[in-house]
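Knowing the structure of chain A, use the given hints to seat chain B on it.
Chain by chain, the residues:
Number of protein chains: 2
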Amino acid sequence: MVPTIRWLDNKVEMIDQRKLPHRLEWYTCRGHGDIVRAIEKMVIRGAPAIGIAAAMGMALGARSIKDRSYRGFRAKFRKMADGMLRARPTAVNLRWAVERMTRTVEGMADRSVEEIRHRLEQEAESILAEDIEINKEIGRKGEKLIPRTATILTHCNAGALATGGYGTALGVIRAAKEAGKSVKVFADETRPWLQGLRLTAFELMEDRIPVQVIVDSAAGYFMRNGKIDLVITGADRIAANGDVANKIGTYQIAVLAKENGVPFYVAAPISTVDLDIGSGGQIPVEERDPREISIFRNHRIGPQGVKALNPAFDITPARYVTAIITEKAVVKPPYKSGLKKLQENPRKA
Amino acid sequence: MVPTIRWLDNKVEMIDQRKLPHRLEWYTCRGHGDIVRAIEKMVIRGAPAIGIAAAMGMALGARSIKDRSYRGFRAKFRKMADGMLRARPTAVNLRWAVERMTRTVEGMADRSVEEIRHRLEQEAESILAEDIEINKEIGRKGEKLIPRTATILTHCNAGALATGGYGTALGVIRAAKEAGKSVKVFADETRPWLQGLRLTAFELMEDRIPVQVIVDSAAGYFMRNGKIDLVITGADRIAANGDVANKIGTYQIAVLAKENGVPFYVAAPISTVDLDIGSGGQIPVEERDPREISIFRNHRIGPQGVKALNPAFDITPARYVTAIITEKAVVKPPYKSGLKKLQENPRKA
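Protein chains in written order, with the working numbering: chain A, 1 to 349; chain B, 1 to 349.
Excised from the complex, chain A in its bound form (with noise of 0.2 Å):
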């Protein structure tokens, strides 16, 4: 598989995941400015994967940092961290990467500016490595609840392209598949940026998993008909009790899985979780342009001036899911106590 997101001497590339699965493009970013746009213009989207692009953006953003003092860099890095803040809101990793990156800086004041900016770049390097070892872990702690034979709903896409690699909700699908189970995986379409029969399918086709595409309305069809064992999805933040952003439609599927008695699994990453917030209501749910639902590819499909509304993600409360997957531990209800180890003991597994 093709890297998302990587990080070469002056630049960073990535795969305009808004061409996938037509054409395989390297999108080029050469400074901080670049990987803002490329964030909010879903060049590159899923949670990890903008945290560690983010970081790569402030990495490129010290390098054009003409100030030699260590506080006027800071100061101008500051600036740098607050832009990128903005890119996109729902996503706490990109606010976890941001803070990461900022800490490294603060730790430096008796260091040079070329020091950090070595510095920064191997952090961002870290934080690429790192997410592709925590999606592995979170594949091995997951696939233990899937069944020797399971069909698996799976919405948006939470694969190898919403993260350095591997990916979290597919990662978990992709151990299962690597510990000789028989895992079927069904993929809603995921209006409006079609994330699952653009890049899930692409994803799962690639690796030999069968997959087969459904609109999103027929989710609760197939649970209804027996014919989905599982739920599994990404997160782009988990509140404190336990609720849990992601891509717009979750919460219906959660809603619907336990309508149906079918488990709902959330994998993601702790630098996922935001203890800062108690609950999915302090969430921000970004709202996009609306034309993303009444254009495509430059088509206008519905009446001309159309009003349309985009909310980008919904909130999943925590008494519909099932069990959070990290890589540290899969944590089941109660989740704030549950979520609450995760972070105070960082380094125990």
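Mixed in with the good hints, there may be bad ones.
[Said to hold, decoys possible] Subject to a maximum C-alpha distance of 25 Å in a straight line, what follows is the list of computed DSS-like cross-link-like pairs (lysine-lysine): (1) B:Lys-307 <-> A:Lys-227; (2) B:Lys-227 <-> A:Lys-227; (3) A:Lys-66 <-> A:Lys-181; (4) A:Lys-177 <-> B:Lys-258.
[To be verified] Over 10 Å on every C-beta distance to chain A, these chain B residues come out as not near it, computed from the model: (5) Arg-78; (6) Glu-123; (7) Pro-147; (8) Ala-179; (9) Glu-189; (10) Val-215; (11) Lys-247; (12) Ile-301; (13) Gln-304.
[As the list claims (entries may be wrong)] Negatives, chain A to chain B, calculated, CB over 10 Å: (14) Trp-26; (15) Arg-37; (16) Thr-149; (17) Ala-219; (18) Asn-241.
Treat the hints as calculated values from the structure; they're not laboratory data. Bear in mind the structure is a predicted one, so any value in this text is a computation, not a measurement. Where is the CB? At the ideal position from N, CA and C, for every residue including glycine.
Chain B in isolation, oriented as in the chain A frame:
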């Protein structure tokens, strides 16, 4: 509003709904086979509208039967009826209309083929005229359920274009507006054919009823956030116990409505009620070409060779339905007795 379908001297014209809202194009049918294809290809869609089209198709077909004997004519007519019944399996109105036309033939054993043909044309025209009247009556009965100010969610298109005119679900909304109520509509875009974005938004904008389109995945989000006061959809078939077959996605919305305490209404003519079928499990659900999902306007969206499953309808169990609005009465649970009563005394209102 232009008519959905009209009988002209020796042909039937219908709006090509595949082209809306961009082009208002008439699609001309000169024989029975043309109508069968128009229904199969979704030139015309919507349970009541395909009932009317089927009746007109049978009247057109009668013209082409060369037999002068009643027995010969009837045999050919019955064969054409079988062909028409296969056009689309889920909506019962098609069968209802074909049976009504067949009964007309059965009752005229002593008449000339000329007289029968003429009578069939009149019958088809009656079905169209009656349908518009029925919808207006559904509107009058249904609007009493609408609060003075209401935001209404609808799915697919159960409007003028899905019927002879005025609409069932949209008929109730139109009647509420005509009664001076302040109504706003959320329209699910309704993948894969986008009837909500293309047709419902178009109809409501023409009538200056405020409408906002959302992706099908966002219905639950807006219900949970208290933005939706009630849901109204049409129906393709209603079983004796009140289970409702309708556009794929309807089941999900009904579950979400119940979960969020939002009333879920179904508006349909009595011809949609199929007392021969005890429950929704016996209703055939049409599976359509998967390329309706993976190809959009001749552009392949998904990966080469991607598999998709494309059920066109789903079944909503009666327990999720708050009331069924018909031209004769608003039926509430228990549905079995209420629906039976509708057909027992068809003349009494």
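Self-check item: Status of the stated non-contact between B:Ala-179 and chain A (beta carbon gap over 10 Å)
Solution: The claim stands: B:Ala-179 keeps its Cβ more than 10 Å from every Cβ of chain A (closest is about 24 Å).
Quiz item: A:Ala-219 clear of chain B by more than 10 Å, beta carbon to beta carbon?
Solution: 7 Å, violated
Exercise. Assess, step by step, whether the Cα of B:Lys-227 is no farther than 25 Å from the Cα of A:Lys-227, and give holds or violated.
Key: Distance of about 32 Å is beyond 25 Å: violated.
Quiz item: Does A:Lys-66 pair with A:Lys-181 here, judged by a C-alpha cut-off of 25 Å?
Solution: With a Cα-Cα distance of about 55 Å, the restraint between A:Lys-66 and A:Lys-181 is violated, given a limit of 25 Å.
Practice problem: Verify that the Cβ of A:Arg-37 lies farther than 10 Å from every Cβ atom of chain B, and report whether the claim holds or is violated. | Solution: Fine: 24 Å to the nearest Cβ keeps A:Arg-37 off the interface.
Quiz item: Since B:Glu-189 was said not to touch the interface, does its Cβ keep a gap of more than 10 Å from each Cβ of chain A?
Solution: The assertion about B:Glu-189 is violated, with a minimum of 6 Å to chain A.
Quiz item: Minimum Cβ separation between B:Pro-147 and chain A greater than 10 Å?
Solution: 21 Å, holds
Quiz prompt | 10 Å cut-off, C-beta based - A:Asn-241 kept clear of every residue in chain B | solution = Check passes; 16 Å lies beyond 10 Å.
Quiz item: Per the stated criterion, does the least C-beta distance between B:Lys-247 and chain A lie above 10 Å, as a non-interface residue requires?
Solution: 8 Å, violated
Exercise. Sort out whether A:Lys-227 lies within 25 Å of B:Lys-307, counting only the CA atoms.
Key: Roughly 16 Å separates the two Cα atoms, so the pair holds.
Practice problem: Check the non-interface label on B:Ile-301: least C-beta distance to chain A beyond 10 Å or not. | Solution: 6 Å, violated
Quiz item: Should the label of B:Gln-304 as a non-interface residue stand, given a Cβ cut-off of 10 Å to chain A?
Solution: 8 Å, violated
Hint compliance for this structure: hints 2, 3, 4, 9, 10, 11, 12, 13, 17 are not met, and every other hint is.
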